[in-house]
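S.K.: Next come the chains, spelled out residue by residue.
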Amino acid sequence: MIVLWTDALIFMLLIALALMIGYLRNKAQMLRPLRKIGQNKAGLAALTVLLFFVLIGLLDSVHFKSPDHQTREIISLLDYWATPIRESGEKTYSAPFAAHLYSKEFMIAPDGSRHWGTPRLKHGGAHLTNPVQQKFADIMTRTAQGLAKGAALYLFFGVLFRLWRRGRHKALFPGPASKTVAWVLFVIVTLTFAVIELSAHYHVLGTDMVGEDVLYQAVKSIRTGLVIGTLTTLIMLPLAIVFGILAGFFGGWIDDVIQYSYTTLNSIPGVLLIAASILMVQVYMANHPEAFTSVVVRADMRLLFLCIILGMTSWTGLCRLLRAETLKLREMEYVLAAQTLGVRQSRILFRHILPNVMHIVIISVVLDFSSLVLAEAVLSYINIGVDPATYSWGNMINGARLEMAREPVVWWSLTAAFLFMLTLVLAANIVADAVRDAFDPRFMDNA
Amino acid sequence: MIHYILRRFLYALPLLLGVNILTFMLFFVLNSPDDMARMQLGQKHVTEQAVDNWKHQRGYDLPLLWNAKATATGKITRTIFYRKSVGLFWFDFGISDSGRNIGSDIRQRMWPSLAVALPTLILGLLANICAALLMVLFRNSYLEVGGVVLCVILMSISSLFYIIGGQFLIGKELRLVPISGYDTGLDAIKFIVLPVAIGVLSGIGSGARWYRTLFLEEVEKDYVRTARAKGLTEVQVLFRHVLKNAMIPILTGVVVVLPLLFMGSLIMESFFSIPGLGSYTIDAIGSQDFAIVRAMVFLGSVLYIAGLLLTDISYTLVDPRVRLS
Chain A
1 MIVLWTDALI
11 FMLLIALALM
21 IGYLRNKAQM
31 LRPLRKIGQN
41 KAGLAALTVL
51 LFFVLIGLLD
61 SVHFKSPDHQ
71 TREIISLLDY
81 WATPIRESGE
91 KTYSAPFAAH
101 LYSKEFMIAP
111 DGSRHWGTPR
121 LKHGGAHLTN
131 PVQQKFADIM
141 TRTAQGLAKG
151 AALYLFFGVL
161 FRLWRRGRHK
171 ALFPGPASKT
181 VAWVLFVIVT
191 LTFAVIELSA
201 HYHVLGTDMV
211 GEDVLYQAVK
221 SIRTGLVIGT
231 LTTLIMLPLA
241 IVFGILAGFF
251 GGWIDDVIQY
261 SYTTLNSIPG
271 VLLIAASILM
281 VQVYMANHPE
291 AFTSVVVRAD
301 MRLLFLCIIL
311 GMTSWTGLCR
321 LLRAETLKLR
331 EMEYVLAAQT
341 LGVRQSRILF
351 RHILPNVMHI
361 VIISVVLDFS
371 SLVLAEAVLS
381 YINIGVDPAT
391 YSWGNMINGA
401 RLEMAREPVV
411 WWSLTAAFLF
421 MLTLVLAANI
431 VADAVRDAFD
441 PRFMDNA
Chain B
1 MIHYILRRFL
11 YALPLLLGVN
21 ILTFMLFFVL
31 NSPDDMARMQ
41 LGQKHVTEQA
51 VDNWKHQRGY
61 DLPLLWNAKA
71 TATGKITRTI
81 FYRKSVGLFW
91 FDFGISDSGR
101 NIGSDIRQRM
111 WPSLAVALPT
121 LILGLLANIC
131 AALLMVLFRN
141 SYLEVGGVVL
151 CVILMSISSL
161 FYIIGGQFLI
171 GKELRLVPIS
181 GYDTGLDAIK
191 FIVLPVAIGV
201 LSGIGSGARW
211 YRTLFLEEVE
221 KDYVRTARAK
231 GLTEVQVLFR
241 HVLKNAMIPI
251 LTGVVVVLPL
261 LFMGSLIMES
271 FFSIPGLGSY
281 TIDAIGSQDF
291 AIVRAMVFLG
301 SVLYIAGLLL
311 TDISYTLVDP
321 RVRLS
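Those protein sequences? They're chains A and B, same order as listed. Using this note's numbering, read the first sequence as starting at 1 and increasing by one per residue. Using this note's numbering, read the second sequence as starting at 1 and increasing by one per residue.
Be a bit skeptical, because a hint or two may be false.
Result set (DMTMM-like, lysine to aspartate or glutamate): computed pairs, CA atoms no more than 25 Å apart in a straight line [what the hints assert, rightly or not]:
#1 LYS230(B) - GLU220(B)
#2 LYS104(A) - GLU173(B)
#3 LYS221(B) - GLU407(A)
#4 LYS36(A) - ASP183(B)
#5 LYS328(A) - ASP312(B)
#6 LYS328(A) - GLU217(B)
#7 LYS328(A) - GLU407(A)
#8 LYS221(B) - GLU403(A)
#9 LYS172(B) - ASP183(B)
#10 LYS172(B) - GLU403(A)
#11 LYS36(A) - GLU144(B)
#12 LYS41(A) - GLU173(B)
#13 LYS36(A) - GLU217(B)
#14 LYS41(A) - ASP440(A)
#15 LYS221(B) - ASP319(B)
#16 LYS172(B) - GLU407(A)
#17 LYS221(B) - ASP256(A)
#18 LYS244(B) - ASP283(B)
No wet-lab data here; the hints were simulated from the structure.
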C-alpha cells in the first residue's frame, strides 16, 4: 500500500472527525441541531447522496502498486475494481452506448478492399454480432438485470438491518425522514448496479478524444472535487480559529496585528493571489524535478499545493466572523464569572469560547464546500488548478470545450462532467442549508 | 467629512505597503530570478550565459534589497525591490517580461473590461432585486418554494456551463450574436450582449437568494407592520419601505466591487475573447509573464482598497444613522 500526501491528510481528517463525533456525542447543544437535521427530508436525502460520493472518494484514496508486474503503476482500490473500463480504451471518440466509432475513416475489409465507414469498437458492444438490431434489446435486458441485482441486494441488507435494529433504542431519525433516506439509498444502489452491469459491455458515457471511457474519468474526478473541498477546509480551519479567537479575546496589539494581516490578504483579489502562488509553485516544481518522481506523485503534490494555497487565501472570512463572535462572547456573564473565579485564560478559551463559536465554524465549512468544488473547475480552466494529468471535472470541461465547435458536436464529456458536478454541488448546497437552519441561532425560534 | 476621508485614506497606506511586500516576497524571495529565467528559457540545456542575459535584459540582475556595491542612494535605488516594487505605488508598472509597456496596456484594456462588467453589474442587480421581491411578495406559497428551489439549482451550476451552453445555443445554433470577439465603438454592442446576459444569469441564483433573506428580515419589522396597518397595499409596502431599508446592505455590497469592475472577469473575457484586463491576466498566466501578474495583483488590491473606502463613504451618505467618527 502506498500513502500519497492527500490520502494521508484525508485519513487524518477522518480520524479528526471521528474524535470530534466521539467528543460531542452526548453534548446537548449538538444533539438538538442534529435532531433538526434528522427531520429535514431534503437535507437527509442530499446527505445520503453526498455520503455516496464520499464513499467513492475514499475508495479512490486507498492506493497501492498495481499487481500487474509489467507496469507497476500506482492505482487505487477504485481503479482496481474498475479495471475493465480503465483498460478498455478505444481509438478515439465514440458516443454513449455506441458500438461504432463516432467519426468515419478508411477501413480495410478482410478481402483487402478499402472503404469509408465507421469501424466497430474494440470494447463497446463487442459481444453483439449485429449491433444495429440487437443493441437496444441488449441494453434493456442488461439494465433490467442490473436493477434487479441492485434491488435484490438492497432488500437483503434492508431485511438484515431491520432484524438487527429490532428491539434496540429508537432511531435518531424518526419515521418519515428515514423513509426518504431508504428510498434515496434504493435509487442509488439500483442505479449503480445498472451502470456497473452496462459498463461491462458498453461505454455508458462514451469515450473521449484518446478513447478513454468518460464515465471512468467522471467517477475519478469525484475524489479531486472532494479533496479540494475538504482539505482546503482542514488547512484553513486552524488558521481561522486560532487567529480569530485570539484577536477577539485578547484585543490590543494582538488584535491589531491579526486584523492587519487578514485585511492585507483579503485585499488581494482571490483569483490573482491564487494565480501568482500557483505560478510560483510551478517554478519551484520545475526546478526541483527530483522530488517528484512519478506522474501520480507529482499530480498529487500539485493538488496538495492547490489546497494549501486555497486554504491560505480563504481563511480571512471565517477569521473575521470568529473575531466578532468572540468579542461578543468575551462580555458574556459566564465568561466574566469564570474570569472572576480565577479560571485560567487557556481554560476559558477551550471551555467557554471555543464550544460557543463552533456553530459558526460548522456552518461556514459546509457553505464553503460547494463553492470550492465550483472554483476548482474555473481554476483548472485557466490552467492554475490541478495538474493536467489529474482527473478533474475542470480538466474534463477544459478538454471538451473545443469539442463543442466540432461538427458533429461531441457533447458527452461536457455533459458527464456537468451532471456529476451538479449532483455533488447541489447535494452539498442542500445539506449546507439544512445545517445552517439547524445550527444558526437566528433560526432557533421557528424550530 | 474631508477630515474623515483623509483619515480613511491614511489607513489604506499600510495595507498597500503590506500587499506590496507580500507580492515581492511571493515573486522574488520564494523563487530567485534565476529560477524564473530557467523556467522561461526551458528547463534543460540552459547556459549560465543565457540566464544572465535574460536577467540583465529585464533588470533582475540586481540584489534584492540592498546593493552594497553601489554608492550613496544607489545602495537602495539600484535594487530589485526599488526598481520593481516601489514604482507600483505611483502606478509605474514597468515593462513586461516580453518587453511591452504594462501601464499603457492597462490603460488601453480597461475600457473593454468596463464595457462588459458595468452592464452585467447593473442588470444583474436589477434582476436579482426583482426576483427577490417577487419571492417575498408571494411568500409562504408554492411560488416562493419553487423560486427558492430554482435559485439553489441555478447556483449549483458551474459558471463554465452557462458560458459554454450560452455560446453553443445562442452563438452557434441560433446564430443570433457572434460567438466571440470585440469591436470598437457602438459595434461592440453585439459582442457584449451575450457575455452580459450570461453574467446576469449565472449570478441570479445566489444573488436573489441572498436579497430574499435581506428582504425577509426587513418584512418582519415593526415599521412594516405599521405601514400595512395604515392600509398600504403589499406592493406599496415592499417598494416604499422594505426596498428602501434593505437597499443599505445591498448598496454597500455593490459599492465595494465598483472599482474592481475595471479588472473585468477572467473567464468571461477569455471565453469571449474580449481584449480587457481579465484576458490580459489570463494570457500573462499562460505565458508565465511574472511582471504582468505582479502588476495586476497590485492593481487589484489598490482597486479593492479603493472600494472599501468608497463603501465607508457611501454608508455615511445613505444611512443617516451612521455618524462620522
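S.K.: Honestly, which of those hints from before does the structure not fit?
M.R.: 3, 4, 7, 8, 12, 17 and 18
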